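A.B. asks: Each chain, letter by letter, is given below.
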Amino acid sequence: MLKHNLLPMLELTDVKKSFAQPDGTELHILDIPDFEVGAGEQVVLVGRSGCGKTTLLHVIAGISRPTSGRVKIDGWDVTLMEEAEVDQFRAERIGYVFQTFNLLPSFTAFENVLLGMTFGRVKVEKERARHLLHRVGLEHRLTHKPPMLSVGEQQRVAVARALANRPQLILADEPTANVDMGNQQQVVDLIRETCHEESVALILVTHAPEVAEQFERVEYLEQINRAWASR
Amino acid sequence: MSLWKIAWRSIQQRAFSSALTAFSMALGVALVVAVLVIYGVIDQSFRRSAQGYDLIVGAKGSALELVLSTVYHLGRPAETIPYTVCDRLNKESKYTPFIDIAVPVCLGDNYKGFRVIGTKTAMFDRLKWFDGDKLKDYEWDEGGNFAADEPFEAVVGAVVARKAGLNVGKSFPPQHGTAAERGKEHSEFQVVGVLKPTGTATDRAIYVNIEGFYRVHEEPKKEVTAILVSLRTNTPPMVQKGLPNEIARDPNLNVQAVNPTDQVTRLLEGIVGNLQRILLILAVLIVIVAGIGVMVSIYNSMSDRRHEIAIIRALGAKRRTVMVIVLLESILLALGGGAIGLALGHGLTGAMSGVIEEQTGVAVSALQFQLSELILVPGLILLASAVGYMPAVVAYRTDVAQSLIASP
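Going down the list, the protein sequences come from chains A and B.
Note that my numbering numbers the first sequence so that position 201 is 201, with each residue one more than the last.
Note that my numbering numbers the second sequence so that position 403 is 403, with each residue one more than the last.
Everything labelled a hint here was simulated from the structure, so no lab data went into it.
Any given hint might turn out to be false.
What the hints assert, rightly or not - For the chain B half of the interface with chain A, some residues (derived, Cβ under 7 angstroms), not all of them:
(1) 12
(2) 40
(3) 42
(4) 317
Model, not experiment: these values are computed from the prediction.
Note that beta-carbon positions come from the ideal geometry of N, C-alpha and C, so glycine has one too.
With the rest of the complex left out, here is chain B (with noise of 0.2 angstroms):
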C-alpha cells in the first residue's frame, strides 16, 4: 500500500476539518487564478488594440493621453491636428516611403455610450487588426466596408451590434461629445456593415466616413485627432524606431508620433504592472494563511493521531516514514484544495466572460490557462511541505511503546 494512500486514509478520517481546509485553500489559489486570469485579459486587451499600424501621430502633448485616446478610445479625445499632415504623410514627406498607409481619425462623437470615429475605408482595407498571434485582415459579419463617396455610411463593431442594435440598415444619430456632455444629435447615419468581432477596442466603436464626419460638424478646417500610420513591411527596424522622434522634431508637422506598443508596454508594465502586483502579493498571503490553516488543522489532530501512528511504528515504520506521511497529508490538502481552487477561479471567469467580453472585448473561456498559473504546483508543494513539516515532526518524535499503552 502506498504512503500516499495511508495519507488520503488519514485525510479521509477528518473528513470534515479536511474539507474546511483544503476549501480555505481553494478560496486563496482561487484569487491567485482570478488575478493571473484577469490581468491576463487586461494584458491580452491592451497589446491586442495596440498592434495592426506601427505609429501614432497627433498633437503635441501627453503620449500617452494620445495612445489611450485613439487605441482604446479612453478619456477626452487629445487636441486636433490639421487633416494636411495625413496627406503629407502619405504623399509628399520625406517619410513617405517608408509608410505603407496613414489613416486618419476624428473622435469627438458618440452613440449610446459608444465612441463614433470619423476615418476613411483605408481603416478596414488596409488596416490590419492583431488576433494574439499574428495580424489579421478584417472580416465582415454582416454587409461590408462604407463607401468613399458615399458620406453618411457608417460600420459598427460587433459589440455595438448587439448592444447597440445597429444591424445593417439602421441608422442613427450620433450625438455630440461624450455620453455624459449629452450634445446635441447629429444628422443620421447608415449602417452598411457589421464586423466580426476581434478581442480589441474596435469591437466597441463606430466607424463612420470622415466626410461624413465633418459635414455635421460644419467646421471650416479639416481637422483629425490623430493619424494611423502602418509602414512598409521592408522599413529598416532602425528607422522604425527613429522615425517617432524624427516626425515629433519635424518643423514642418509640428506634431508627435508615439509607437502605440511602446506605450502600452509601459503602462502595463508600470501601473497595471504594478496594481496587479500588489494584487498578486494579497493572494499569495491569503493563500499562505491557508496553509497555515493546514498546518493548525494536521498539528491539532496529531494528539489524537499518537495512538495510530504508534501502530503504523508497531508494524515496522520508520520514524521517517511517518514523517514522510504527515507530509503527504499536508501535501494533499494544498494540492487539493488547489486543484479545486483552479477550477474555481476557471468556473469564476467562465461564468464572467460574457461580461468580461462585454466590457474588454475579449473573449475569455474557463479553459484558458495562463502559463503563469503552472507556478502554483510546486509553490503549493513548498509551502504544504514547510506547514506540514512542524507535525511531521512531532509524529517522528511520537514514541511507540507509551503511545501504545495509551489508550486509543
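For reference, chain A alone in the conformation it holds in the complex (with noise of 0.2 angstroms):
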C-alpha cells in the first residue's frame, strides 16, 4: 500500500477492534486488513464521525489494543508488549496532538511540553522544550498556563509537545477541529512543516475535505476499514 518506496513505519495487518455491547453482541469498529505508512510519509484518513479514526488512532497509539491482528511502528509489534512496553514504546517514539488539545491546566506551556519527554527513557531537554515553543512561535508564552493562552496557542503548545520526545510517528486526531477558520491552515502547516523538519511520519485525521487536498497521499477510512463498509 506505500505509495513510495519508503522503508515502512507503520503496518497494520488485519486490524480488527470490537466493544461488546450491552446485549451482549459484538460491535465491530475497526477491520483493517491493511494498511501501512512510510518513515517520514505524510498521510490523510479521512472520515465522518464515528467511522472509527480516534479507535484507529488508539490502537496505534497502544492505547487501546486491537481485538485481533497486527500493528507494527518501526518493526516492532507493539501487540506482542506487555502493557507497561507499549506505554515507554508510546512514550520514547510516538506523539500525539488530540483534538481537543489535552493540555493540563495547572501546568505553564513550557512544562506541558516538558511533559511530552518525561516518560520515556529519554533525556528530559529543557533546551528543546524551548525551542519547539520558539519554532511554534510561543516563545514569549513559556510561562502561561493554558486558561491564559489562545484556542490556536494551545493548539500549538500541544503540537510542540508531540514532538518533544523526537517521536517517529506523530498521530493527530482532528487538529483543526476545535481551532477557529483563521487559524486552521496555520496548525495544518505548523504540523506538517515541523513534521518535515524533523523527519517524523504524520498520520493526521481529519473530516475536512479543504484540510485533506493539501496532502499528497489521501486515505478515506470508509475504503480501508471493512467494518465500516459492513456496517
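Reassemble the complex: the two chains are provided individually, in unrelated frames, and hints are given to aid placement.
C.D. replies: As C-alpha cells, then:
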C-alpha cells in the first residue's frame, strides 16, 4: 500500500477492534486488512464521524489493544508487548496531537512540553522544549498556563509537546476541529512543516476536505475499514 | 520533570481543598508536638529539680509525698523529724563516712504564695543544681548567700525576685502556713541575694536562715521537715543503692530516706507517663482522622481527574507511574501539613514560653525540639501512603481510551 519506496514506519495487518454491547453482541469498529505508512511520510485519513478514526489512532498508539491483528511500528510489533512496554514505547516513539489539545491546565506551556519527554527513557531537554515553543511561535508564552492562551496557541503548544520526545510517528486526531477558521491553516502548516523538519511520519485524521486536499496521500477510512463498509 | 512536581501541580490546581486538608493535618501534628514538648518540659522540670543531692531524709510515711513536698514544694509539708538527725548524719552516724553534706530544710511558711524555706548556708555553698546536662554551682544574679550568723537574712529564686519584687535590700514578712491558710505574719527577713535562674523549683522559693526560721516560730523543739543529703563522690554504687533502706531500718534515727530520682522516675513513668500516652494516642487519632481527610479529598477529586490521568498515560506514563503520582500527592499534603503543624506547635510553645517558665521554671524556646518528634516524618509518610493507596488504585485503573474521549 506504500505509495513510495519508503521503509515502513507503520504496518497494520488484519487489525480488528470490537466492543461488547450491553445486549451481548459485538460492535465491530475496525477491520483493516492492510495499511502502511512510510518513514517520514505524511498521510491524511479522512472519515466521517463515528467511522473509527479515533479508535484507529488509539490502537496505533497502543492506548487500546486491537481485538486481533498486528500493529508494527518501526518493525516493533506493539501487540506483542506488555502494557508497560507499550506505554514506554509510546513515551519514546510516538507523538499525539489531540482534537481538544489536552494540555494540563495547571502546567505552564513550557512544562506541558516537558511532560512530552518525561515518561520515557529519553533525556528531558529543557533547551529542546524552549526551541520547540520558539518554533511554534510561542517563545513569549513559556510561563503562561493553558487558560491564559488562545485556542490557536493551545494547539501550537500541543504540537510542540507531541514533538518533544523526538518521535518517529505523530498521530494528529482532528487537530483543526476546535480551532477557528483563521487558525486552521496555520495549525495544519505547522504540523506538516515541523514533521517534515524532524523527519517524522504523520497520520493526520480529519473530516475536512480542505485539509485533506493539501496532502499528497489521502486515505478514506470508509474504504480501508471493512467494518464500516459492512455496517 | 519530576513526579514530585507533577504531584505538586495537582495540589496547586485544587489549592483551596488542598489547603484545608493540609491545615487539618497541621492541627493534628501541632497537637502531637504540643503533647511531646509539654511532656518534655514536665519531664525535664521534674528530673532537674530532683537532682543535686542523692537522698531526702524525712518522717516515715509516703515517700512520694516527701519528695513532692521537699523538692517541688507541692502539697502540705510532711511531718517533721528532730534537727538532731541532721547533726548525727553529718557528724556521728555510721553513714557519716559516705556523706558529703546533709542540709536541713524547714517548710511551713509562704510569702505571696511562694514557699519560705528555712535552711543553712550549705544549701547554696555545698549543694549543686542540675541543668539537664551536668551539676553546677549556684550563681547569683544579685548579692550572695545569707550569712550563718545573720538569722534574718534571706535569698530568693529568680522567679520570686521578678514576680514578688523581692530584690536585694527588700524586706518581707513570711506568712505562716500556705497562702490559702492566711496565717499570721512573722517578723521580716531581708533579701541579700537573688539566684540566677536554674529551671528548677528553686527559682520559685524563698530561702531564709534556719535560725531566723526557728526564732519566728518560737517553738521549743528544733524540728526539720526534711534533710537533703549529698553523698561523697567516691561512695560505692552498692552503698548508694543500699543507704535508703539502711537509714530507714535504723531504730536510732526512726526516719525514712528516699532517692528522689527513683521517686520522680516512678511518678513520671507511672501517672504522668500514662497521661502522656493517653494524650498522645488522642493526638495521633486526630492525625489519622486528618489523614482520612487527605484520602477523601484526593478520592473525591479522582472523578474530575480521570481525564488528566488519561492524558498523562497517553503521553507514555505507566499505570504504576500515575499511581506513584497520586501517592506523592498524598505524601506532599501530609508532610506539608505536618511541617505547618510543627511550626504551629513550636510557635505556640514559643509564644507560651513565658507562662511555661513562670509555672515550671523551665525555659523553653520555639526552636527546642524533642527527639521523639523525628518519628513524625516516617509516621506521616506511612500514613500518607496508606490513605493515598485507595485513590492511587483508582488512578491505576483509569481506562485511558474511554477517559480521553470523555469531555474534560
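A.B. asks: Taking the hints in turn, state whether each one holds.
C.D. replies: Status of each hint after checking the structure:
1. 12: Check passed: Cβ of residue 12 (chain B) comes within 6 angstroms of chain A, closer than 7 angstroms.
2. 40: Since chain A brings no Cβ nearer than about 41 angstroms to residue 40 (chain B), farther than 7 angstroms, the hint is violated.
3. 42: 46 angstroms, violated
4. 317: 4 angstroms, holds
Checked against the numbered hints above, the structure breaks hints 2 and 3 and satisfies the rest.
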